[in-house]
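Chains as they are written, first to last, in this note's numbering: chain S, 1 to 267; chain R, 1 to 628.
Keep in mind that the hints were calculated from the coordinates and are not lab data. There could be a bad hint or two in this list.
Derived Cβ-Cβ restraints for the label pairs, each shown as a range [said to hold, decoys possible]:
no.	chain 1	residue 1	chain 2	residue 2	range
1	S	Pro8	R	Ala359	53 to 59 Å
2	S	Ser199	R	Trp530	29 to 35 Å
3	S	Val46	R	Gly569	46 to 52 Å
4	S	Ser199	R	Val135	38 to 44 Å
Every value quoted in this text rests on a predicted model; they were computed, and no experiment measured them. Cβ coordinates follow ideal geometry from the N, Cα and C atoms, glycine included.
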Amino acid sequence: MKPIKVLPLTIIGTLVGAIVSAVLIVTVTLPEQASVQAVAIDNLYVYMLGFSGVIFGIVTLFLIVAVFRFRARPNDTREGAPVHGITWLEVVWTIIPFIIVTACAYGGFVVLNDGNVEAQARTSGQVVHIEAYQFGWKYDYLAKNVDLTQQADLVLPVGEAVFFELTTKDVIHSFWVPAWRMQMNATPGQVNTTSTTPSKVGTYEIVCAFLCGVGHTGMNSSIEGSIIPRVRVVTRAEFDTWVAEQKAAAEQQGQTATTQTTDGSVA
Amino acid sequence: MTSVLKPTLARCLWTAPAFAALAVLLTTIARATFGMTPVLQEDTLLTVSYIAGGIGFIVGIGGFDYWWTWMAGGVLDPHDHSTHGAKSWRDYFLFNTDHKVIGIQYIVFTFVMFLVGGMFAEVFRSELAKPGQQVLTNEQYNAMISQHGTIMIFVFLVPIFAGIGNYVIPLMLGAADMAFPRLNAVSFWLLPVAAFTLLSSFAFGSFDGGWTGYPTLSEQSPFGMTLYQLGIQLAGASSIATAVNFLATIITMRAPGMTLFRMPLLVWANLATSALVVAATPFIAGAQFMSMFDREMGTHFFTMGGGGDTLVYQHIFWFYSHPAVYIMVLPGFGIISEVIATHARKPVFGYRAVAFSSAGIAVLGFSVWAHHMFASGMQSWLRVPIMLATLLIAVPTGIKIFSWLGTLWDGVIRMTTANLFAIGFIFTFVIGGLSGVMLAVIPFDVSITNSYFIVAHFHYVLFGGSIMTIYAGLYHWYPKVTGRMYNEKLGRWHFWLTFVFMNLTFFPMHYQGLLGMPRRVADYAPQFEWSNTLISISAFILGASTLIFVYNLIHSARHGKVAGDNPWGGLTLEWALSSPPPTFNFPATPRVIGGPYRYGEEGARHAIVPEPEPAVVEKTYAAAGDQA
Ligand SMILES: [Cu+2]
Numbered sequence: 001m002k003p004i005k006v007l008p009l010t011i012i013g014t015l016v017g018a019i020v021s022a023v024l025i026v027t028v029t030l031p032e033q034a035s036v037q038a039v040a041i042d043n044l045y046v047y048m049l050g051f052s053g054v055i056f057g058i059v060t061l062f063l064i065v066a067v068f069r070f071r072a073r074p075n076d077t078r079e080g081a082p083v084h085g086i087t088w089l090e091v092v093w094t095i096i097p098f099i100i101v102t103a104c105a106y107g108g109f110v111v112l113n114d115g116n117v118e119a120q121a122r123t124s125g126q127v128v129h130i131e132a133y134q135f136g137w138k139y140d141y142l143a144k145n146v147d148l149t150q151q152a153d154l155v156l157p158v159g160e161a162v163f164f165e166l167t168t169k170d171v172i173h174s175f176w177v178p179a180w181r182m183q184m185n186a187t188p189g190q191v192n193t194t195s196t197t198p199s200k201v202g203t204y205e206i207v208c209a210f211l212c213g214v215g216h217t218g219m220n221s222s223i224e225g226s227i228i229p230r231v232r233v234v235t236r237a238e239f240d241t242w243v244a245e246q247k248a249a250a251e252q253q254g255q256t257a258t259t260q261t262t263d264g265s266v267a
Numbered sequence: 001m002t003s004v005l006k007p008t009l010a011r012c013l014w015t016a017p018a019f020a021a022l023a024v025l026l027t028t029i030a031r032a033t034f035g036m037t038p039v040l041q042e043d044t045l046l047t048v049s050y051i052a053g054g055i056g057f058i059v060g061i062g063g064f065d066y067w068w069t070w071m072a073g074g075v076l077d078p079h080d081h082s083t084h085g086a087k088s089w090r091d092y093f094l095f096n097t098d099h100k101v102i103g104i105q106y107i108v109f110t111f112v113m114f115l116v117g118g119m120f121a122e123v124f125r126s127e128l129a130k131p132g133q134q135v136l137t138n139e140q141y142n143a144m145i146s147q148h149g150t151i152m153i154f155v156f157l158v159p160i161f162a163g164i165g166n167y168v169i170p171l172m173l174g175a176a177d178m179a180f181p182r183l184n185a186v187s188f189w190l191l192p193v194a195a196f197t198l199l200s201s202f203a204f205g206s207f208d209g210g211w212t213g214y215p216t217l218s219e220q221s222p223f224g225m226t227l228y229q230l231g232i233q234l235a236g237a238s239s240i241a242t243a244v245n246f247l248a249t250i251i252t253m254r255a256p257g258m259t260l261f262r263m264p265l266l267v268w269a270n271l272a273t274s275a276l277v278v279a280a281t282p283f284i285a286g287a288q289f290m291s292m293f294d295r296e297m298g299t300h301f302f303t304m305g306g307g308g309d310t311l312v313y314q315h316i317f318w319f320y321s322h323p324a325v326y327i328m329v330l331p332g333f334g335i336i337s338e339v340i341a342t343h344a345r346k347p348v349f350g351y352r353a354v355a356f357s358s359a360g361i362a363v364l365g366f367s368v369w370a371h372h373m374f375a376s377g378m379q380s381w382l383r384v385p386i387m388l389a390t391l392l393i394a395v396p397t398g399i400k401i402f403s404w405l406g407t408l409w410d411g412v413i414r415m416t417t418a419n420l421f422a423i424g425f426i427f428t429f430v431i432g433g434l435s436g437v438m439l440a441v442i443p444f445d446v447s448i449t450n451s452y453f454i455v456a457h458f459h460y461v462l463f464g465g466s467i468m469t470i471y472a473g474l475y476h477w478y479p480k481v482t483g484r485m486y487n488e489k490l491g492r493w494h495f496w497l498t499f500v501f502m503n504l505t506f507f508p509m510h511y512q513g514l515l516g517m518p519r520r521v522a523d524y525a526p527q528f529e530w531s532n533t534l535i536s537i538s539a540f541i542l543g544a545s546t547l548i549f550v551y552n553l554i555h556s557a558r559h560g561k562v563a564g565d566n567p568w569g570g571l572t573l574e575w576a577l578s579s580p581p582p583t584f585n586f587p588a589t590p591r592v593i594g595g596p597y598r599y600g601e602e603g604a605r606h607a608i609v610p611e612p613e614p615a616v617v618e619k620t621y622a623a624a625g626d627q628a
């Protein structure tokens, strides 16, 4: 039997892996990219899936070739080659994963910094305070301007950075908007912050991602019949109109500084 | 009547309740004395009953008989081997100090727990098969997922490796037993107590916080949550005691000539794992103690008011529970090295690199715990160093994967069931490893953490990793343990069903997570219907395939072909013994003369087991209890 050339096999493995990644990337349609950060994070996902596919392709191809090529025949009493290692090869396969994880770390670092609009959002953006509770979310925002009453969905203007302050009344919850690729826990006893820049007008699901007790399943606006609010991203003009409406409604009721719960509790 | 006085399970039937009753009595007296109301407080009395009852069980089975006699100044015969070795199946239900008996006790018991934990999974998968809620209430659903995770991790995955190590490692080292045989037996008997504590919590509302049991949710839970906390402490105590035993055994009881770099890689893996267990497990024990005190004694370690902090629990919990992933997978890596080298007839490629990578993973394993907390609101500076350390772990893990490929390459690969599982493991574990690398990267992790992507990832690591290695190891050493061969045909069926349906069960979960399905939910958006139905059907078949394995092992123990001493042609020391090995292992101390994987070298030996000398002068040690 002719010995197998390792280098061509590695190249084929790379190609096979790249095809596997490409197929996964094309077939799995991710949720709509509804924030500036979502685009960057999805690109990071594609970038890492590319590396992963290549490693997977190489390992699998070598595995399959080895099994078919070096398989023992019935009553085969041969022994394998007494090779205990090849130092240069071991060095190579230590360095290559090292380079790949460095590339992943670099990618992660870039996205982390670019997506970090928190400082800017904190000063100039919309500040939204969300209090999680069993089992729903309570919003309190436009703090010094208007108090919002009776609002069901979380209404936000498109293209402007939003700064979230998350607290919880009881246990850990997690505020997850898959379309924004954004998640942050609401941790008892502290204020967690995060931010995003919505980039598309539309209505998006809000999911509690952290097991928070008996009503956890229902704390998800995407479940049929759920009364959990969604995010509604609108244009600036629509947003201003909406704020004015809220203000008028509040004055009409003669109420001051009250925020109402959008109850999503499940019976 | 004497059977209830002798150390048996029958004696446990009265010692455990007696200890519990005593604890209840003392607690009641104390509460009455200090004027606490109500005097009879249900949760308190149950807690002390469980603690004392557990100790009573260990007393009943005979865990303290020897030590008690020694403390009381009784006469002890150092050559009394009446509790050593099994003559009939009944001996497996008794306190036994033979590492081989204990190994089997561990493996059988933990495997039964695997079936129990698997049943819980099948139950909640039937709920998830269709949208809407048909089978379980939310309370029952949360209890099922919590029991599934806890049972699988604490009374199956962690201890089964202790079981396999127990059987194999003293043999591989050329030792007569583990360093501390009685401690070894006590370690095992703590496990049924832990499992009873966890499972009996169903009578008290079970626990509903997942396997992680985070406060402040855990403070709201029914009494079952206290039993979760107690059960983990018991399993943890068992784990620490075993690890100490392994460390002492591996460090001090190697046969002459067995240098560190002549040790089989399973021994290396176990050394690294045991160091991890000893250093990490006290953290989860501490977390559970504090959490339990919060619930039962009104302390404020993790409560929201009173100065507690829930984030602290997460840090302490993961400071154990991340290394625990390596505790559950490093011994499996060791098994894979043994299986692949033996069945591919080739030395492990890059032995030293594989050995050092185990040590490297064990050390790095301590610097990555907070990658479970990227979205928790912890100190933000901590995230980047943790990301880098997590990514770095891929390097030693990669070394192992490539070394196994190098071992298979140019070998003469025998496609036994054991080897099929080892090869299948490489495929599935690579997927789990790669998704792990992706999850280490903060922005990606934060976008899908707590979703089904995470569930997919850790099932690829723990099923595609650990469980595949467990099957490989059990098939590999089965002829050594029973003296008979398993049925290869059934084994192959078991492998293919497991491999195919494992992938069909867990791979679609990546997709679900990416599309926004959170974990630990009993219902989901309509778009996830087809994937969930597919997963549930696959999970049922996966579960059923386990029965083939159980049938094969039970049936072949009686009716299998006689295996002989060394059916695989292995070079490590366990294969130099008869199958099953004699009660005291080696007739004379073996001498190790070379590395463990010298396949392909003409006439190469790892060790020589000399014939016993006719007149061995037995050295007697003065037992501590002897009169001076
Ligand atoms: Cu919640």
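Is it true that Val46 (chain S) and Gly569 (chain R) lie within 46 to 52 Å of each other by Cβ? Distance hint for Val46 (chain S), Gly569 (chain R) holds at roughly 47 Å.
Does the Cβ-Cβ separation between Ser199 (chain S) and Val135 (chain R) fall within 38 to 44 Å? holds (41 Å)
Outcome of range test on Cβ distance (Ser199 (chain S), Trp530 (chain R); 29 to 35 Å): With a Cβ separation near 30 Å, Ser199 (chain S) and Trp530 (chain R) satisfy 29 to 35 Å, so the hint holds.
Can you let me know if the beta-carbon spacing of Pro8 (chain S) and Ala359 (chain R) is within 53 to 59 Å? violated (35 Å)
Going through the hint list in order, the structure does not satisfy hint 1, though it satisfies all others.
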